[in-house]
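One line per chain: the protein sequences are A and B, in this order.
Mapped onto the numbering used here, the consecutive letters of the first sequence carry residue numbers 1 to 319.
Mapped onto the numbering used here, the consecutive letters of the second sequence carry residue numbers 1001 to 1429.
It should be emphasised that the hints constitute simulated quantities derived from the structure, not laboratory data.
Among the hints, erroneous ones may be present.
Using C-beta positions, here's what the derived DEER-type ranges look like [to be verified]: (1) B:1408 with A:133: 33 to 41 Å; (2) A:112 with B:1256: 36 to 44 Å; (3) B:1274 with A:112: 35 to 43 Å; (4) A:208 with B:1219: 37 to 45 Å; (5) B:1221 with A:85: 42 to 50 Å; (6) A:100 with B:1401: 54 to 62 Å; (7) A:286 with B:1076: 27 to 35 Å.
Cβ atoms here follow ideal geometry from the backbone N, Cα and C, with glycine treated the same way.
Residue-level listing of the chains:
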Amino acid sequence: MTIPNKKLFALCLVVLALLFMAQFVLSNYLVLALTRILILAIFAMGYNMLMGYTGLLSLGHAMFFAAGLYAAGLANYYGGVSLPIAFVIGILGGGVLAFVIGLLALRTQTVSFMIVTLMFAQVAYLLTLYFSNVTGGDQGLTLPTASRSFSLFGLAVDLTSPMVRFNIALTLFAVVLIGLFAVTQGPLGRLFVAVRENINRTEMLGFDTYRIRLLAFTISGAISGLAGALYGLMFGFIGSSFAEFRSSIEVLLFTLVGGPGTLLGPLVGTGVMTMLIDRLSGMTSAYLIVVGVLLIVINLWFPKGILGTIRDRWVPWLK
Amino acid sequence: MNRSSKDILLPRRGFLNGLLAGGALLAAPGIVGRAQAQAGDAIRLGAPFHRTGIGASYGRWYERTATAALKIINEQGGINGLPVQMIVEDDGTDPKRGVEVMEKFAAEHKVDAVFGHLFSHVVAATAPRAGELKMPYFLCSETHALAAGKFNRYCFQPSITDVKSQINSMGGWITSNLGKKVTLIYPDYAFGYDHRDNMTAAVEAQGGKIVASIAIPPSETSFTRYLPRIPFDTEVIYHVMVGPAVLTFVKELGEHLGTKRPEIFGFIDSLEGVQMDIPQLSFLEGTYFWEAMPRYAQPDQTEFDKFYRNAVGVDATGASATDPKDISTYSHMFSAWETLFAIKKAMEISGYKGPAQKIDMLEAMEGITGFEASNEFPQGDKVFNGKTHQAFAHQNVSKFGGGKLEVVHTTTIEESFYPDETDYTQMSF
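Generate coordinates for the entire structure from the input sequences, incorporating the hints supplied.
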């Protein structure tokens, strides 16, 4: 079996190695911050799968993140399901919801698609409020203390340990990164890009573009669900604020800043945005204005995101 | 890009250099910023206030109140001879960000305790992480989740009473003085459900009856289609609408009911930070509100309230002493003040000098049985339940008239009691 785009694959391995080493070098707080960044980067990678590679701009991805969050969290909270199984339920929750929503939403394109995904996401958000006797609504549910540890293949895993949390997040990030490398750099990825570049031509070549887009949508939703499940179980809280429109916009920004259509762009975008907000909020209460101005400037100088611009100008294999 | 815009804009190389330098500057405190966190030279308290987001009007006043309290504590010699520092972070009234700043306080600022969270969804998200990080976490929130046993042994609410005891203590007064047939109007989400469930139980316990229960979706901007659902035999309307549409709600309620209206009782949460003597609220003249601490200085104002108002910079109408349009969140913000003095008391009992005595300090807090009304506790005396980590206090019923609120009834502390639902002292640290 040959590995396509070996340079990018090597870069991914280097990035993973650096991330692994980071826990021994960085301060305690940065390790905690990096843990969160890795989880949100998984969400952004799922989003990038759809927006960056397939060219479908969804404004409703918070619903898939929340689907994973609620599916995993509620299974644990009410069913007492162990964390690994709840996690798998979370991924399925995101994937199944994406498949169903995709069946309907993908009948539309461009602006209509954005509006339809936004509409479904608002419905999902309001449902979390409406069924608040189950979901906890806006006040959310705190997962039981017993759910802060679990046993996997006889190994006791303590979710309160910063190192354990970091390495779980890193492992799942690595799995998703390598998985998406295989998808995006292979034949399937070329099909996604073909749909993005010229959907009519792809159709003329004999491909069923509806199925291709549905597959991309479902994979994207499942990865977003994975991130949501991981976040909910890792931090022991599920609440409707994660289903808000703001979450959909955040993941869009992470992807835009890092570089849509680049494998590592979501990690860069999530890292830059998270640390910017983290640092600036300690300096001024007007940090969102500063972040907004920076976004405008970045958009001006890096219209294709940081890694997207680097790819276009200097490193063509960075895709 | 044309020539002129190119001249105006930052050169790309300059921007990149600036970005790198700025990035390094921003990241540096996280990598090397340990110098500020030396244990033993001061007591550091993390204050995650709602500077932005939907809780911003509260957060602004919580910060002012806590700053004023801290000034007094330090003027009095600090705590156990150590100066007290407050490190403020904005949580954006966002649960996700709430967790992040808790981690920042624990791992970067290395504070001794965290206090000041208000909105219950932010608290619910942050409390588990506080327990995992073994960070003493003092809430100023009203959430019942703490006393219900949902959190952990590191969480305390030593000043403001929770919403369950607030409502419980009002039920008897409403049914005895206003009427027994009550219509509830509340926002259709968890905050509203808390009021619906607790008020239903409180009214029924007093022999009253809920004749209608009207939930209004949070996105609603007009209420006219809900108001006809108020039954004609309603004796009391109980309302807890919050958010920017409150003024519209009051106006439309007035237009719907006209002059022959039933009695009306609300929670001041609806109008915290809102000027009362405005035409839009004139319909509420003669109606009643719950207040934890009366916004308007009362004829029998205590010396403690005078001292507190003066220190925070609030005038007798509850507005900023320097800007009469800047209305305080007076019925809630005292909790930031009192919580600081509660922390001080627990630290003094345990001889706290640093994190080595953290458990001693928490056990000292659990051993406290209450606080006397004083400059430190200007809202009034309190009973503190060490098992549930929750304080209980007097509650006030105020009547709105002449553009201001006048207290007509103050409950006993005992009226706010309910049976314990948990015992945190049985939980390990």
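Going down the list of hints, with the structure as the test:
1. B:1408 with A:133: 33 to 41 Å: 35 Å, holds
2. A:112 with B:1256: 36 to 44 Å: 39 Å, holds
3. B:1274 with A:112: 35 to 43 Å: 41 Å, holds
4. A:208 with B:1219: 37 to 45 Å: Once the Cβ atoms are compared, 39 Å apart, the range 37 to 45 Å for residue 1219 of chain B and residue 208 of chain A holds.
5. B:1221 with A:85: 42 to 50 Å: 43 Å, holds
6. A:100 with B:1401: 54 to 62 Å: Holds - the Cβ-Cβ distance for residue 100 of chain A and residue 1401 of chain B, about 56 Å, lies within 54 to 62 Å.
7. A:286 with B:1076: 27 to 35 Å: At 34 Å between Cβs, range holds.
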